[in-house]
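Asker: For the record, the sequence lines run as chains Z and E.
Here our numbering is used: the first residue of the first sequence is 139, the next is one more, and so on.
Here our numbering is used: the first residue of the second sequence is 1332, the next is one more, and so on.
These aren't lab readings, by the way, just hints derived from the structure by calculation.
Please read these numbers as outputs of a predicted model, since none were measured by experiment.
Be aware that a few hints might be false.
As the list claims (entries may be wrong) - With a straight-line cut-off of 30 Å between C-alpha atoms, the simulated DSSO-like cross-links for lysine-lysine are:
id	chain 1	residue 1	chain 2	residue 2
1	E	LYS1449	E	LYS1340
2	E	LYS1340	Z	LYS332
3	Z	LYS332	E	LYS1336
4	E	LYS1336	E	LYS1449
5	Z	LYS233	Z	LYS143
6	Z	LYS171	Z	LYS233
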Amino acid sequence: MKLSKNFTNPLAANNPVIVQILGICSALAVTVKLEPAFVMGLSVTFVCAFSNLFMSLLRKGVPSRIRIIVQLVVIATLVIVVDQFLRAYMYDVSKQLSVYVGLIITNCIVMGRVEAFALGNKPWDSFVDGVANGLGYAFILVLVAFFRELFGSGELFGFTILGDWYTPNALMLFPPMALIIIGCIIWVHRSINKDLQEK
Amino acid sequence: MGLRKFVDKIKPTFSEGGKLGFLHSTFEGFETFLYVPNTVTKKGAHIRDCNDIKRVMIVVVLALVPAMLFGMYNVGRLAGEDGVLNAFWYGFLEALPNIVVSYVVGLSIEFAFAQKRKHEINEGFLVTGLLIPLVMPIGVPCWIVALSTAFAVIIGKEVFGGTGMNVFNPALLARAFAFFAYTPQMSGEAVWYADGKTGATALEQLATTNQMEWSAMDAFWGFIPGSLGETSTAAILLGGLLLLFTGVASWRIMLSVFLGGLAFGYLFDAVGMTDYPAYYHLLVGGFAFGAVFMATDPVTSAQTNCGKWIYGFMVGALAVLIRVVNPAYPEGMMLSILFMNALAPLIDYFVVERNIARRKKLIKNVK
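Go ahead and model the full structure; you've got the sequences and the hints to work with.
Answerer: Structural data, given as structure tokens:
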């Protein structure tokens, strides 16, 4: 019961992007097309899940004074693994994502989950928490990219969806529109979850 | 007074608990549209005056009429119609769809939001709905007008809490949306100023070749291509006079926008970055229109007197700066007003802070 709640909570009611407002920077940068957004979401999920797992395993052996350094080493290692993997097998996407793969290190969600969850919980719970938060992030990214690619270029995953009659909306390709779309998602989300509304 | 009696008779149906109580805002909107409301402001500082927002807004709409009528005539003239009436009728038919679309889309969104939030319906849109088609090129497709209007009303206004709460001027936001989303349809060589006819506007000619094929007098009277309402500086100034005479718009802002534009125009001319007289800036493009109708928007401009001078001057100066230095955006007026809209609260903050500091110093000296 607790585990399933652990998993579903970050997906909706406590989503890292639209409730905690973390990871916005990359959400603006990589959501012009669905494919990079999808890959970025999976990469962050991978990093978040395994950094949570490893830090949870190490949590009793690491003195709290140097824990940030240990966390950074773990996260940075995982990010390099992801980066090398993308370069080897998905070179085009890796090109499109450019620096943003490397910048997963600075993604607040990853470090936040390690600090807030993995250091005080068992490995399996932490792993599930990492996966769920990563997926919560990925979900928003894909949702934003869906709208931006569909209305900005009339395509989805590079396939033309809206035909010649459609005039692409160039504003969708600019980062400000990603911010507005995220704002609209937050708007919808909060009108459904009334307890999240500020007084 | 048959109508008054009729309105009173059906009022209970639309009041709280009545059969059509959910349409309360709509009814209220039409009632105050017909008659001056007899209610008074309940809290806060208030001034005893028979004017409400509706009456103020109608004055602005009236002030826009000369520019609009001339714009319609100009469209027909450029399309090659003979005679004043023929030209006007042609332009009228060209402009009508955009005006209707802008009003229908914007007002339906406003009504829907007001109904949902149980607010009164605010009249700000009467002006915005007319401003939007006036700042667009005449041949812009209706669906772009509809989309930009919806964007401006929802994202620019309702998100912030409706009329009076918006940070940015909604009409300019609509234009900015259309400009960035559909750049090829909105500017550049292909801009449509009359049905089927395309060509660069005076502003673009100035930006690319440092000269224009029309004389300054043509530009002043408005015989140049451009967006519907912005061509004739004379007609705009006529509307501006009405706004100043009725006290709806701030003369400080209007004057300082022109001063700022002139100052920077002369500056760039002096350092040799432009090859035409500085006052050209005030005559072509949307400068005069922006100065008179957009920058003076009481909601989004600075509120303090000193702040108004700074705000206006910066609007004019930035507009010319963008026009001259950034060739990608020949029309700097839109961007500069939107930018200063964002900075207006900051300007007010510093003006107020300085005033407080000055008066504190006075107290110290007395002691």
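Asker: Hints the structure violates: just list their numbers, smallest first.
Answerer: Violated: hints 2, 3 and 5.
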